[in-house]
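Undergrad: Below are the chains, spelled out letter by letter.
Number of protein chains: 2
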Amino acid sequence: MNITLTSGKTIAIKPGTSIMESLKRTGMYLNSSCGSKGTCGKCKIIIKTGQVSIKSTMKLTQHEINAGYALACQAYPSEDTIIDIPKESILTVEGKIVTGKSKDLQALLRSTGAEINPLTERFILQLPQPTLNDNISDLERLKRELFSKGLGCLRVPFRFMTNLAQTVRKNNWEITLCTIHSEDCYEITNIFPGSQKIPQFGIAVDIGTTTIVVYLIDLINGNLVDVASIYNSQIRFGDDVITRIVNASEHKELKNLHKAVISDINILLSLLRKTYHISIDSIDCVVIAGNTTMTHFFLGLDPSSIREEPYIPTANVFPISHAGELGIKVNPNIPVYAFPCVASYMGGDIVSGVLATRLHEKEKLSIFIDIGTNGEIVLGNSEWLVAAACSAGPCFEGSGIKHGMRATDGAIEDVRINPATYDVDIKVIGDDTQPMGICGSGMIDAAAEMFMTGILDQKGKLQKEVSNRVRVGEDGLEFVIHYGEGKDIVLTEPDIENIIRAKAAIYAGFTILLKEVGFTFDDVHKVYIAGGFGKFLDIEKAIIIGMLPELPKEKFEYMGNTSITGAYLCILSQRLRGEAEEISRKMTYIELSVSKSFMDEYVSGLFIPHTNVDAFPSVKELMKK
Amino acid sequence: MNITLTSGKTIAIKPGTSIMESLKRTGMYLNSSCGSKGTCGKCKIIIKTGQVSIKSTMKLTQHEINAGYALACQAYPSEDTIIDIPKESILTVEGKIVTGKSKDLQALLRSTGAEINPLTERFILQLPQPTLNDNISDLERLKRELFSKGLGCLRVPFRFMTNLAQTVRKNNWEITLCTIHSEDCYEITNIFPGSQKIPQFGIAVDIGTTTIVVYLIDLINGNLVDVASIYNSQIRFGDDVITRIVNASEHKELKNLHKAVISDINILLSLLRKTYHISIDSIDCVVIAGNTTMTHFFLGLDPSSIREEPYIPTANVFPISHAGELGIKVNPNIPVYAFPCVASYMGGDIVSGVLATRLHEKEKLSIFIDIGTNGEIVLGNSEWLVAAACSAGPCFEGSGIKHGMRATDGAIEDVRINPATYDVDIKVIGDDTQPMGICGSGMIDAAAEMFMTGILDQKGKLQKEVSNRVRVGEDGLEFVIHYGEGKDIVLTEPDIENIIRAKAAIYAGFTILLKEVGFTFDDVHKVYIAGGFGKFLDIEKAIIIGMLPELPKEKFEYMGNTSITGAYLCILSQRLRGEAEEISRKMTYIELSVSKSFMDEYVSGLFIPHTNVDAFPSVKELMKK
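These protein sequence lines map, in sequence, to chains H and S.
Just so you know, the numbering used here puts 404 at position 404 of the first sequence, and the rest follows in order with no gaps.
Just so you know, the numbering used here puts 493 at position 493 of the second sequence, and the rest follows in order with no gaps.
Because the hints were derived from the structure by calculation, they are not lab data.
Just so you know, nobody snuck in bad clues.
The following label-pair restraints were derived from C-beta to C-beta distances: (1) K515/H <-> L132/S: 16 to 22 Å; (2) M1/S <-> I54/H: 54 to 60 Å; (3) E183/H <-> I280/S: 28 to 34 Å; (4) K252/H <-> I242/S: 53 to 59 Å; (5) K14/H <-> I242/S: 52 to 58 Å; (6) R155/H <-> K362/S: 31 to 37 Å; (7) I220/H <-> V317/S: 29 to 35 Å.
Just so you know, even glycine gets a beta-carbon here, dropped at the ideal spot from N, CA and C.
Please put together the full structure from these sequences, using the hints given.
TA: Structure, rendered in structure tokens:
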């Protein structure tokens with residue numbers, strides 16, 4: 001039984017396998033943020049001919065069903081089938097759009113003063129051929145050569161012994177050593193015959209609860225080659241870390257949670273390797289940053305105790321593992337470095353974020369906030385660092401929002417509403433790209449604009465009478481941001497409720513953390529903001545909806561995904577890797593969830609901009625108008 | 001289809017499987033020195049009833065065939081079968097006879113001045129239970145506890161992380177750490193919940209080309225619990241190291257050679273564990289000593305270049321591996337330490353032997369010779385060590401000798417011939433044990449006595465007219481050492497040729513090594529002799545046949561199997577492990593095989609005692625009588 005794509009490609013399919021799964025097996029990956037449960041609607045395909053059994057059409061409009069649309073994860077062909085896959089359903093690398101990002105990252109690396117000195121290094125050695133008068137063993141010959149070059153000692157894990165004799169002889173005693181510097185000694189991470197100095201790539205991974213991002217980095221020049229991202233397929237075990245831990249510990253799903261994240265990373269690696277024709281032996285190391293639970297799942301460690309008082313992780317600082325131990329599909333010997341964490345609810349992604357913002361070097365008091373599924377806030381300077389977490393939820397990453405999506409090609413990232421006509425002006429990520437959904441920055445823009453134009457009230461209710469773009473949809477009232485062919489892009493009232501809950505949690509986090517250490521917003525010199533909002537976050541709009549405190553605009557700096565930025569820095573500089581370890585040791589975690597004042601503050605934030613409008617004088621001013 | 005033993009036990013058997021193999025699968029091991037090729041005759045069984053297809057009866061007399069004897073490795077039942085297994089065919093542990101050996105070893109350890117400080121150590125830690133105020137991670141808690149006890153740093157390989165959370169919680173935060181000291185840090189080799197200080201056993205292994213010996217050692221008190229030994233089943237790939245290397249490199253048998261030695265060790269471990277009811281988690285470490293080729297095969301390293309000029313091993317000093325990497329059936333995490341080697345033809349067994357003889361501490365010039373399949377000789381003192389190899393062959397270990405056997409229960413170890421009656425007086429290893437064969441010391445005794453009584457001439461020919469114990473057997477003339485029920489024990493003329501070739505090689509080795517460094521036998525203060533001859537080696541008899549030089553008897557010391565003795569010392573003392581590494585660095589290997597004077601000397605030794613009888617004045621005197 002076959003599926004034929006309208007592009008011409010034909011794929012064999014087994015009965016009882018979904019189209020999603022069948023495509024995956026041949027290396028074609030579709031978007032999904034629900035883990036193939038049929039609830040996100042991101043894997044739409046169009047069935048042209050063939051009998052296909054459809055399990056659920058939940059996320060499809062009648063119009064779409066009539067036009068032959070189906071969800072690939074819910075579609076089970078029972079005969080030869082021809083399908084068309086819309087561009088927006090296909091998982092791709094980011095491509096050209098990262099050129100600017102690469103320049104910014106290289107500039108950031110330079111600004112730290114660190115030289116490119118990657119986690120792993122390659123040495124080309126031309127060993128003298130053995131003779132009867134120079135008949136030391138292969139291993140001693142290797143060590144002697146490295147020592148004679150002034151590079152010091154060499155540790156050789158046993159698994160490299162097996163092929164050593166063949167490897168050194170294969171290319172006339174010339175060999176390439178891949179090494180990692182550990183405890184004053186180089187440790188072999190790979191050996192190749194001959195000279196294979198370049199190419200050398202590193203893989204930096206940000207493992208978010210909702211989104212996984214992979215950077216392909218050229219270790220020689222620090223160039224960011226490309227980026228690929230995917231929804232974390234652990235989502236099928238729960239949206240948040242707590243539900244996933246419950247599944248791991250009470251339903252014995254730890255192995256499956258581990259496999260899910262590894263499989264996601266393997267999909268992204270496979271996309272990147274295919275796009276750039278990268279041999280498996282050109283990838284030398286992997287650095288990952290994630291929250292403590294994600295890091296545990298990634299490493300296959302039991303996170304049960306993270307959930308139960310007194311909230312203890314297996315480790316905050318992790319021994320280096322190898323790709324083969326974890327199932328990452330690169331050379332099994334290459335080292336995998338996981339960013340150190342601070343506590344059960346303050347992870348390596350935040351340590352990585354602080355490294356990227358350089359907050360730990362600033363003399364004046366600064367705040368760093370990373371708005372992901374969990375919102376984490378760090379306050380401090382070069383002397384001290386305190387941190388707290390506030391659960392914001394994944395809506396700004398597109399999850400739980402009807403037409404939400406990550407900030408990739410096709411995402412609406414900027415929304416303006418004409419207060420007279422209520423016409424909507426949008427900006428979409430990517431050249432000449434049709435809008436496919438809305439990302440975090442677009443949501444904040446939209447909510448602020450809708451509020452300022454009266455489409456939305458302070459409680460977050462849509463005002464049907466204000467604009468005819470407000471209409472009744474399948475989830476109640478919704479506002480049409482974009483009228484599309486076949487599909488309009490809307491924000492629904494439940495979407496807006498999600499956005500308000502998220503922004504309330506974030507603002508409460510700021511307020512209470514400052515209060516805990518005896519400071520106010522006025523003492524804060526800088527606010528660094530991270531998150532997957534897109535390229536730009538409109539600070540003013542974020543203040544209007546009450547997500548950010550009302551401070552002078554120049555105090556804010558939007559940094560994008562700092563977790564992956566820190567991973568980029570760490571993979572390229574051993575000095576910065578040392579700094580990351582220093583940051584994790586220095587940071588003190590404060591538990592906010594037990595604080596009654598946090599709950600009070602959160603409830604007060606469930607209005608736009610806030611129950612206490614006086615804290616937002618300029619918004620108050622605007623509202624009067 | 002079943003095999004029933006006369007003892008009552010019934011074993012299921014698959015068609016096409018030999019009785020040998022079927023017994024092995026149920027954990028019953030029979031002797032074999034030919035690797036199941038049907039050429040050693042050591043796995044005899046008696047078939048009582050049942051149709052059995054017999055592939056070869058080569059090693060059976062017509063008398064035996066008539067009595068129902070068969071070789072288990074050549075017997076393929078085609079229906080239910082009842083068999084009887086003679087005691088001498090069954091592989092067993094040494095049992096009670098090692099009590100004396102254990103006392104000697106403990107005395108030797110004490111005499112070195114080293115305290116018992118084994119390769120691996122266990123620590124019991126009671127960790128403080130975590131609280132909200134003491135919420136560091138499990139791993140940090142472990143490290144903090146060890147550090148607070150003044151034990152310093154702890155390195156945790158990644159593979160121990162996976163179960164750490166469960167392990168520390170299982171027994172109320174009490175845990176047992178198994179560690180090995182490496183580079184100023186303890187490295188975890190195992191973790192158990194609760195207190196499991198004892199028992200702790202270590203496994204010392206001597207991997208000989210012909211014989212493998214395993215010691216089960218109590219690491220707490222240094223007691224040798226028991227010994228088990230087996231013929232190296234690599235024998236089916238060749239009797240000597242060169243043939244085996246050819247098989248490994250040209251016939252791609254490396255993996256099978258590796259598996260053969262691991263399987264042999266696993267058989268012995270299984271016997272020992274069953275006999276002493278030892279849990280797999282009570283075995284903490286393995287130390288092996290073997291020649292360079294055997295060490296390579298054991299570790300799975302390609303030995304091809306050992307055979308080809310300029311004779312280069314993969315390594316002489318080996319990184320520590322884990323049992324799981326090698327397939328040894330103990331806890332997969334426990335460390336396996338291989339004795340350092342010196343060169344392609346001077347291995348860890350000799351380094352271990354020098355450690356056992358303490359030659360490297362003596363002020364006066366001494367010689368150490370290990371008579372195994374390869375004869376290795378070391379000359380030196382506390383200042384310097386030189387070494388050379390002379391290929392003696394495996395006859396003194398029982399291989400290539402019709403009724404040869406290792407020095408275990410049932411072996412004739414002492415032979416006296418009455419010069420008047422030619423009656424033979426024998427001593428057999430083990431209490432009340434029927435003689436089953438003859439071991440190395442018995443062969444030397446027999447050859448010397450036969451020579452002195454005129455049964456054997458100077459060329460090694462049997463004199464039929466001297467005694468009616470000389471008779472014509474299937475291999476030509478043979479001398480009956482023991483008339484047994486059903487089976488006589490004999491030495492044949494080909495056996496004697498083997499013995500003469502071996503002793504000639506050994507004597508030539510002594511002579512030429514001394515000559516190379518400008519010394520004579522008179523300069524030698526002590527001669528330490530090692531080998532699997534049995535408990536005693538009669539030095540005078542060894543001089544009579546011209547194996548040892550004629551020196552005052554008190555200069556000789558017979559040490560037994562020094563390779564395993566050194567492994568015993570090394571597993572119990574970290575200081576002595578350091579000494580072993582020092583010995584391997586200090587020793588200089590001299591290649592004798594290229595020396596013409598060695599061949600001349602060897603040919604001169606193919607007489608009893610030697611072509612140059614003047615070098616053996618007392619033997620010359622005896623011959624006159």
